[in-house]
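**Student:** Okay, here's what each chain looks like letter by letter:
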Amino acid sequence: MEAFTVHTGRAVPLRRSNVDTDQIIPAHWLKKVTRDGYEDGLFEAWRKDPSFVLNQEEYRGATVLVAGPDFGTGSSREHAAWALQNYGFKAVISSRFADIFRGNSLKNGLLTVVLDQDVVERLQALAEADPAAEVTVDLERRQVRAAVAGAEQLTADFDLDENARWRLLNGLDDISLTLQNESDIAAYEAARPSFKPRTIAA
Amino acid sequence: MGRTLAEKVWDDHVVRRADGEPDLLFIDLHLLHEVTSPQAFDGLRLGDRKVRRLDLTIATEDHNTPTLDIDKPIADPVSRAQLETLRKNCAEFGVRLHPLGDVEQGVVHVVGPQLGLTQPGTTVVCGDSHTSTHGAFGALAFGIGTSQVEHVLATQTLPMARPRTMAVTVEGELPDDVTAKDLILAVIAKIGTGGGQGYIIEYRGSAVEKLSMEARMTICNMSIEAGARAGMIAPDETTFAYLKGRAHAPEGEEWDRAVEYWRTLRTDGDAVFDAEVFIDAADLAPFVTWGTNPGQGAPLSERVPDPASYDDASKRHAAEKALEYMGLTAGQALRDIRVDTVFVGSCTNGRIEDLRSAAAVLEGRKVADGVRMLVVPGSVRVALQAVEEGLDKVFTGSGAEWRHAGCSMCLGMNPDQLAPGERSASTSNRNFEGRQGKGGRTHLVSPQVAAATAVLGHLASPADLSDADRTPAGAR
Ligand code: SF4
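Quick note, the sequences are listed as chains C and G, same order.
So for the first sequence, the working numbering puts the first residue at 1; every next one is plus one.
So for the second sequence, the working numbering puts the first residue at 203; every next one is plus one.
Derived from the structure by calculation, the hints contain no laboratory data.
Virtual Cβ for every residue (Gly too), placed ideally from N, Cα, C.
Please note that a few of the clues may not be correct.
With the C-beta cut set under 7 Å, the calculated list includes, among others, these residues of chain G facing chain C [said to hold, decoys possible]:
1. Val237
2. His353
3. Gly396
4. Gly454
5. Glu456
6. Leu613
This is chain G alone, in the form it adopts within the complex (with noise of 0.2 Å):
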């Protein structure tokens, strides 16, 4: 019988196979950061071991790292002691870092790709959720605790039970304003936020196919808010395109036997996936999330649901926890929201297509009274890049922030944070109680809908801005 992707790519893995055992599966990527290596790093001094592959093995700097001033001390010792140790760390054990003010550092997700080091067919893992996010490139990577990031250190190996296999598969043409984004909220709506625990996702279909690696890497980013261990997307010739000349890929016939392996790496058509979801891409809409969790959003053009009309008790409790934390009504117009705070940026969107399309928005508009909106690019090539087309001064023309790569306000470690009950529309990924800054409201969006509504105040699409809106340019 045939195999599908995510098969073919554990079996080229497995180190080791027996009978009542995981398998144990090679690692041909280990990325760190500093929130959960260092008590890996302890726990390698304790049992006096080193970290086996070096060259497998790349650092970098985000979650707590700020966004202004980086060239200052940064101000939180506590924040300041855990970058300390991740440098201390990698100088005594020999780990390649790429520390807050070189040109390599960024979030983690964006920088191995960026590289050229996440590659179809490999396997890659980092002590991060998001780390799904590699699978775009037909990799299985997947995130891990701090103990399995010792593992990998000592051992360059991990033990797995083997996932089952889902296929979400997404048929025909996205409507004109529609995002990689709003697709990926609406798979997570539809599946729920435990509707892909078990199994590794593989994102397929003639909409999956034309999207670019960064779409791609947007929607496998999100698999871990569905549950799922991984999530993947076929390697083509978008793939390798994207991959031809980075740093890190083959080169010459290296480059060739590579594309001959990464050719391979498809489901076939024999296989059989233990979950099926389909979709057509042309019921898709802006979506947006009304809740605390990725899986509570709707079309932007819908309302706020009702709790009481959820006929499974825990969905129900769950969304008037949810109303009330959010300081939501049910029947709402969701687009009636008003935001204080717009951020565009994160391992989801802070890539340079996320920016330029969020600049494309706001060329010409203004960033509307009383709301603060954060651009923070994903990585500092992402930022270079982004001012060699002029995008920050877009950005600082509209009234927003143009920040330094990191992490930044998609989670609460680094001085960007919501303040108690201040209400955001976000281009990250998780829309948990405080996730963003203790009391903080969180809706998840795409980018260009982050920039719509910060134009207009309120959750908002391209499609609501008037070009009235708009100074031409020559008026500017």
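This is chain C alone, in the form it adopts within the complex (with noise of 0.2 Å):
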């Protein structure tokens, strides 16, 4: 995983709630085999039309998308993040996350963002009266903070678990972190009751 320190990058305003999996990429991409290639599925339906904010000028290159709340919902699809990690975006923020989507953003370095409602569209009217603000998260000092011409306009602190922040920080891969444990593993398993189901004799 690549590790996620500070990135500063232009904002996209997505002024939606309950932006679930089916729209970030719909289910005929995941018919692919691999973890790349699926930018020009991100949104698809919505970017058939010419005025959709991802399809503007100004929002072009932009890494930080700014959402409505209970972005992400829906399907386990870890291709909705990889969609948008393929697409060029660093974060996401939103004033709710759905629980697999966030989980499954933070295991590929794609940070989401929680701050409050009021917080969030502040930064989406930044972004709409300036596409060129920039929006800086910060995750050493866990901040979000967004700047106009160099002078900033706005600061807001966010929670993200201590071990995920870790993790992120560090890029490190969870399987490697778990095996660390095997000890702890073997031990569970060999305690574990003989009524337990198996798919085929061990």
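From the two separate chains plus the hints, produce the assembled complex.
**Tutor:** Next comes the structure, spelled out in structure tokens:
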């Protein structure tokens, strides 16, 4: 996983709530067997509309998505996180994320930042008023800062549990971390009741 | 202090607990399908790792599989490649697989329970959000992403932060025409699509205790649509009776020991939930969705709501967008909404009881002109049972199509899709924009409402049908 420390980029305001995973990446894209190549599938249906925010010239190359509440509801498809990353997003800001989407994103180094809804709306308003506004997502200080022409407009602190933050800051691989506890796993396995189901004879 | 059901099962699976770290949980059963596993197997190969517990892992094919001409090569080359990738991966790593054409094939969440693999007090995961279905057995079951699929394949564990617990208590008698689907749609409408976020929901109360295992699965299945991490129901005699004698259920002394443990899996009297919701079963009625998320629903007897009636700006905006997408007008009676397609199937409502109840409504009646109805059993076993009971004849006799098992029209990944603008009444679980095909419009309903809707051509419940619609058995 790529480490995430501090990122500064322009923001895209996505004023929609309940953006579900079928909107982020429609099902027919899930037939692929790779982790890349999903950028054209991102918000595919909405991108057909020329007035959709991602189609606006001034938001080209923006890397921070500022979305409405309940972002990422629906399926467990990690493709949703991959699609956002493949497109170029480094962080998504919302007042509420669906649990599975949030977990998937953090596992891939796509930072999901939870801020109060009124702060999210102020960020959206800033990005609408000035698409060149820069948003800094600072995981070291757990802070989001927004600046217009170098002048700071908004600072907001966010929470992220210490363990997830540490893994992101260091780009650590979960499987290797877990395997350091091999003896605990083996001990648990040895003590499991024999009536537990098995799919095949062991 | 006492513990909740979820806390008991959680505690029994902690491999390692350390300050400042998520708990490391042991996973008893890992279900795989073709869509969310290819990148996980790639990861294993890259890391030079193998599957740690092949005896706790099983795979089937469901999302991409066609429901017609299953003996012919799959027409879509991309779908075919994904199924072939699963077959290749399972062969290479030694994973038990039930491919298309196999008698145990079907939607992954129908297959696990019917094999008896889903058991009380187990942890069950799958790279699919509707893994919550298995919670109906008192299992702690949750959907995971592909990175976690790889993690479980490699370690048989998952690091997880412990969710909070919510009780949804439903007391009383469900009215006659009200099903588990109506109940869960009403719960989601009440708490919202984010209402369950961060929680494991336990459904309890006298109305829940009276439900069959299949009805309980329908409820737990849709926990994720309320944003919950998982849904659970305490195991009881109904659960044990369902499991007894199934292929992977314990036998003999093992069965007795298992049941003894399973009986301990009840929320203690003095346990405290982090949140509680109460519902009076008698207040419930057949329920349908009008919008583009499963929380946008109402009793069938009501009207499409006016977005202006919402105080919350984001709800108002969401309702406006939904009505526009769905092609509906505020104030329109839900019963006046005409549909083009009716879909009975999916891991929510594709089990034998669902097919029986749809068939009971259709028996002696005809699907309305201009309406197509697809009936898709959730698994090959369900299909065989339905054929044995003659349900397939009831469906085809009334003009519905009887298909092969799979996810089918639940999501637009296989050939069964809605055309742009086409409207369906569907027993599946998601009414998202484009879920059933680009531009398709979905109303979520119970199997009974689906069948009545097919007969009348507009959203309807069995109570709207008169016996005059029925050809008496002798005259057929
Ligand atoms: S039936 Fe639908 S919800 Fe269930 S696993 Fe298949 S696609 Fe997912």
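**Student:** Decide, hint by hint, whether the structure agrees.
**Tutor:** Going through the hints against the structure:
1. Because the closest C-beta pair between G:Val237 and chain C is about 5 Å apart, less than 7 Å, the hint holds.
2. At its closest, the beta carbon of G:His353 sits 5 Å from a beta carbon of chain C; the interface hint therefore holds under the 7 Å criterion.
3. Hint on G:Gly396 holds. Least Cβ distance to chain C is approximately 4 Å, under the 7 Å limit.
4. Violation of the interface hint for G:Gly454 is found here, the shortest Cβ-Cβ separation to chain C being roughly 10 Å, above the 7 Å cut-off.
5. Hint on G:Glu456 holds. Least Cβ distance to chain C is approximately 4 Å, under the 7 Å limit.
6. With a least beta-carbon distance of about 5 Å to chain C, the hint placing G:Leu613 at the interface is held under the 7 Å criterion.
Of the numbered hints given earlier, the model fails hint 4 alone.
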